[in-house]
Amino acid sequence: DAGVTQSPTHLIKTRGQQVTLRCSPKSGHDTVSWYQQALGQGPQFIFQYYEEEERQRGNFPDRFSGHQFPNYSSELNVNALLLGDSALYLCASSQTGTGANVLTFGAGSRLTVL
Amino acid sequence: AQSVTQLGSHVSVSEGALVLLRCNYSSSVPPYLFWYVQYPNQGLQLLLKYTSAATLVKGINGFEAEFKKSETSFHLTKPSAHMSDAAEYFCAVRGGGTASKLTFGTGTRLQVTL
Numbered sequence: 061d062a063g064v065t066q067s068p069t070h071l072i073k074t075r076g077q078q079v080t081l082r083c084s085p086k087s088g089h090d091t092v093s094w095y096q097q098a099l100g101q102g103p104q105f106i107f108q109y110y111e112e113e114e115r116q117r118g119n120f121p122d123r124f125s126g127h128q129f130p131n132y133s134s135e136l137n138v139n140a141l142l143l144g145d146s147a148l149y150l151c152a153s154s155q156t157g158t159g160a161n162v163l164t165f166g167a168g169s170r171l172t173v174l
Numbered sequence: 038a039q040s041v042t043q044l045g046s047h048v049s050v051s052e053g054a055l056v057l058l059r060c061n062y063s064s065s066v067p068p069y070l071f072w073y074v075q076y077p078n079q080g081l082q083l084l085l086k087y088t089s090a091a092t093l094v095k096g097i098n099g100f101e102a103e104f105k106k107s108e109t110s111f112h113l114t115k116p117s118a119h120m121s122d123a124a125e126y127f128c129a130v131r132g133g134g135t136a137s138k139l140t141f142g143t144g145t146r147l148q149v150t151l
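Sequence lines, in order, name chains A and B.
For the first sequence, the residue numbers in the working numbering are 61 to 174.
For the second sequence, the residue numbers in the working numbering are 38 to 151.
Source of the hints: derived by calculation from the structure; they are not laboratory data.
None of these values were measured; they are calculated from a predicted model.
Possibly wrong hints are sitting among the right ones.
Here are the simulated distance ranges between beta carbons [claimed, not checked]:
{"#": "1", "chain 1": "B", "residue 1": "GLN82", "chain 2": "A", "residue 2": "GLY88", "range": "15 to 23 Å"}
{"#": "2", "chain 1": "A", "residue 1": "GLY88", "chain 2": "B", "residue 2": "LEU151", "range": "41 to 49 Å"}
{"#": "3", "chain 1": "A", "residue 1": "ASP90", "chain 2": "B", "residue 2": "ILE97", "range": "19 to 27 Å"}
{"#": "4", "chain 1": "B", "residue 1": "LEU93", "chain 2": "A", "residue 2": "GLN78", "range": "43 to 51 Å"}
{"#": "5", "chain 1": "B", "residue 1": "GLU108", "chain 2": "A", "residue 2": "LYS73", "range": "29 to 37 Å"}
{"#": "6", "chain 1": "B", "residue 1": "GLN79", "chain 2": "A", "residue 2": "GLY118", "range": "21 to 29 Å"}
{"#": "7", "chain 1": "B", "residue 1": "THR88", "chain 2": "A", "residue 2": "ASP90", "range": "14 to 22 Å"}
Even for Gly, the Cβ is constructed at its ideal location relative to N, Cα and C.
Please put together the full structure from these sequences, using the hints given.
The following block contains the structure:
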């Protein structure tokens with residue numbers, strides 16, 4: 061049973077560029093959340109998608125946007141990249157309505173902005 | 038709103054010694070609490086969760102945690118540390134409702150020495 065898969069695993073961009081990160085949720089999960097983990101910090105919630113709509117959003121600027129597709133996979137887009145956007149981006153999936161909605165995390169996409 | 042505080046960014050124990058990682062939470066609603074572990078260059082793996090059932094929760098790899106409402110704590114313990122336990126540990130909290138946003142602590146790096 062495949063877990064959460066993310067791509068790419070590593071990427072390097074320059075300031076001002078745009079990036080798209082992709083996530084396939086665990087089989088049977090319908091909800092996808094994205095987190096940003098800066099070096100030495102805990103993950104910070106960016107947003108969550110359910111039924112192809114953004115259900116909840118953290119304290120991130122509009123440069124961060126996302127999408128969920130009918131097959132539940134998701135993309136995270138970041139525009140006008142800043143040096144401070146360098147981080148590990150984690151995707152997590154869950155099944156809505158199952159008690160604590162436990163999140164299953166992917167291995168992450170490490171973004172470096174030069 | 039929910040938050041967690043992890044006391045001690047670094048903890049070092051000898052192999053075979055007791056592991057104690059501290060977590061205190063703040064929540065305006067009955068919380069769900071989680072401990073995740075992160076190995077280098079990997080995503081987060083769920084160790085255990087508290088979902089308002091038994092206050093003593095047993096997880097994987099011999100870890101357990103006790104929910105103490107009076108102390109607003111959810112400390113993680115393991116009777117005997119193993120070298121393979123060396124990793125970053127994150128405590129996280131979420132409130133009720135359909136959204137499953139997790140709020141993480143800043144993490145505790147566990148070092149295990151011979």
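Against the structure, the hints come out as follows:
1. GLN82/B <-> GLY88/A: 15 to 23 Å: Roughly 18 Å apart at Cβ, these two residues keep to the hinted range, so it holds.
2. GLY88/A <-> LEU151/B: 41 to 49 Å: Because 42 Å falls inside the window, the suggested range holds.
3. ASP90/A <-> ILE97/B: 19 to 27 Å: Cβ of ASP90/A to Cβ of ILE97/B: about 25 Å, so the range 19 to 27 Å holds.
4. LEU93/B <-> GLN78/A: 43 to 51 Å: holds, 48 Å
5. GLU108/B <-> LYS73/A: 29 to 37 Å: Hint violated: Cβ distance 45 Å, outside 29 to 37 Å.
6. GLN79/B <-> GLY118/A: 21 to 29 Å: holds, 23 Å
7. THR88/B <-> ASP90/A: 14 to 22 Å: For ASP90/A against THR88/B, whose Cβ atoms are near 20 Å apart, the range 14 to 22 Å holds.
In summary, the structure is inconsistent with hint 5 from the numbered list given earlier, while agreeing with all the others.
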